[in-house]
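Colleague: Residue-level listing of the chains:
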Amino acid sequence: MTAETFVQKPKALADLRAEIASGTTRAADLAASYYERIEALNPRLNVYLSLTKERALAQAERVDALAAKGDPLPPLAGIPVGIKDVLVMRGAPATAGSKILEGYRPPYDATVVEKLEAAGAVLLGKLNCDEFAMGSSNENSAYGPVRNPVDTERVPGGSSGGSAAAVAANLAVATLGSDTGGSIRQPASFCGVVGVLPTYGRVSRYGLIAFASSLDRVGPFAGNVRDAATMLSVIAGSDPKDATSSTAPVPDYSVESDRPAEGLRIGVPAEYFGDGLDPEVRAAVEKGIESLKSAGCSVKPVKLPLTKYAIPVYYLVATAEASANLARFDGVRYGHRSASSGNLNAMYSNSRDEGFGAEVKRRILLGTYALSAGYYDAYYLKAQQVRRLLAEEFLRAFAEVDAIVTPTAPTAAFKLGEKTGDPLAMYLADIYTVTASLAGICGVTVPCGATESGLPVGMQVLASHLNEGTAFRVARAVEAARE
Amino acid sequence: MSERVTVDEVERVAELAHLELTPEESGHMLHDLNAILDYVAELNELDTHGVAPLAQVSELFSAPGGSGLRVDGRRPSLERAIVLDQAPETDGVFFEVPKVIERQ
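From first to last, the protein sequence lines are chains C and B. What the first sequence shows, in our numbering, is residues 722 to 1204, in sequence order. What the second sequence shows, in our numbering, is residues 504 to 607, in sequence order.
It is worth saying that the hints were derived from the structure and are not from the lab. Beta carbons: idealized from backbone N, C-alpha and C, even for Gly. A few of these clues could be false.
[To be verified] Facing chain C, a subset of chain B residues (Cβ under 8 Å, in silico):
(1) A520
(2) E523
(3) M532
(4) D535
(5) V603
Put together the whole structure using the sequences plus the hints.
Modeller: Structure (structure tokens):
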């Protein structure tokens, strides 16, 4: 099969909304045109796992009725949005990329789904991802890999591969994904779109199928920084259904993203530019840093020497939490039940054995091992202690700088099948993203250049807890320099 | 690569996790777990004596909320019929499962 390209930049959200408000575009027609494009391209890209047409068209008609009356429209009125299939929508399939949830129809909506619809968004369908969000290439989906719209022989990144690819191929104007160790930022980088890791607790996790609860975040993808900021303002905020959600007020992040970055202090950690960083990625990120200097930012080195311990800490903490969270998939209340089990214990293990893929089993085993008697202190406790040291190291750095910039991933998108045989090599694709996950801080990845063969490269902009506005400003400066 | 885990341990952990592994899967998992545990052993280079474990990051920033408990009041829950509709086997009131105890 030869590589194909299906890249198309979505129109800016504000322009589309203005067209819908003025009546030059009907939301229902817009949704229909997106469904046509999906029908044409999905067989090549495998981005959507299921479509929610009825619900989308009903919502689009509500928006059109509002527009026809000349009523003020909500911020995402008529905007076609896709949802990663780890977030639930009432009555629609929710597979989490796993066979174990085949046929499951959740009886409720995730809080972010409710918020998007209240803001007028038209939800097109559910997006492919690595099984239970475990993976860095989308090759762990039980429903087949997503292909990168930039080059269909390459992975889109993961685990939110469908969410990133949908925006890159204009199969949605914006999407939602989830990020536990890099699952929004790394695919956004691989597909050449903007991805946001909100601060832990900034966005409700209610209705997100849990992977690692102390790390899981829900965040947006979009074709540009401003649209990503608009999306975050809609989905952020406290939620009585998620006790870890923050009640801090939600600013208008699109206004924040418009503020010049001039005068901001930018830190560059040498630890993110060492061995293993692809030279072309380095060159693109360095060019991005130059554009920040031109925009009036001051750039200085910062030290984050514990960075190299982040992957070990992450894979212990995340797998331990996953082993507990995934215990609920046992064939009793929903999802797959093995047909061939004489007693309860056999039913549990047969259902799980048939339902889970290899990577999920590997992580459940590692997590169960790390939590088991005799190993808890050596692995899980040790990892949590180092997690604190890593977080404190970031807090010290943020006393000196407003934002830290790094490559989002050590390489551009790799080829399908290139890393599937070596779990450790795959884990290292997250080497620059897991640190922020462990510390709970926020970040934005923004395209900052491309390799010689045209593969996109992302720059990761990290900011301290609840300082998303600063990350958006810096990301916008990098984006603006390339326009 | 060192032998941190034995095949017996892999099987014991699989049992704890309610996972049934074929001998071939056990072999692969043994190899992968040893490789991963070798890698995470790097953490032992760090002295963490007296460092409190960090289980939840909300304590790191003084955000309002986050730790507040909601009022412990009655609230409607999902309807039973809607929930049981998703069950692999049900009698309409309970989830049905295979026999728990085998009669001798």
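Colleague: Quick check: which numbered hints come out false for this structure?
Modeller: No numbers; nothing is violated.
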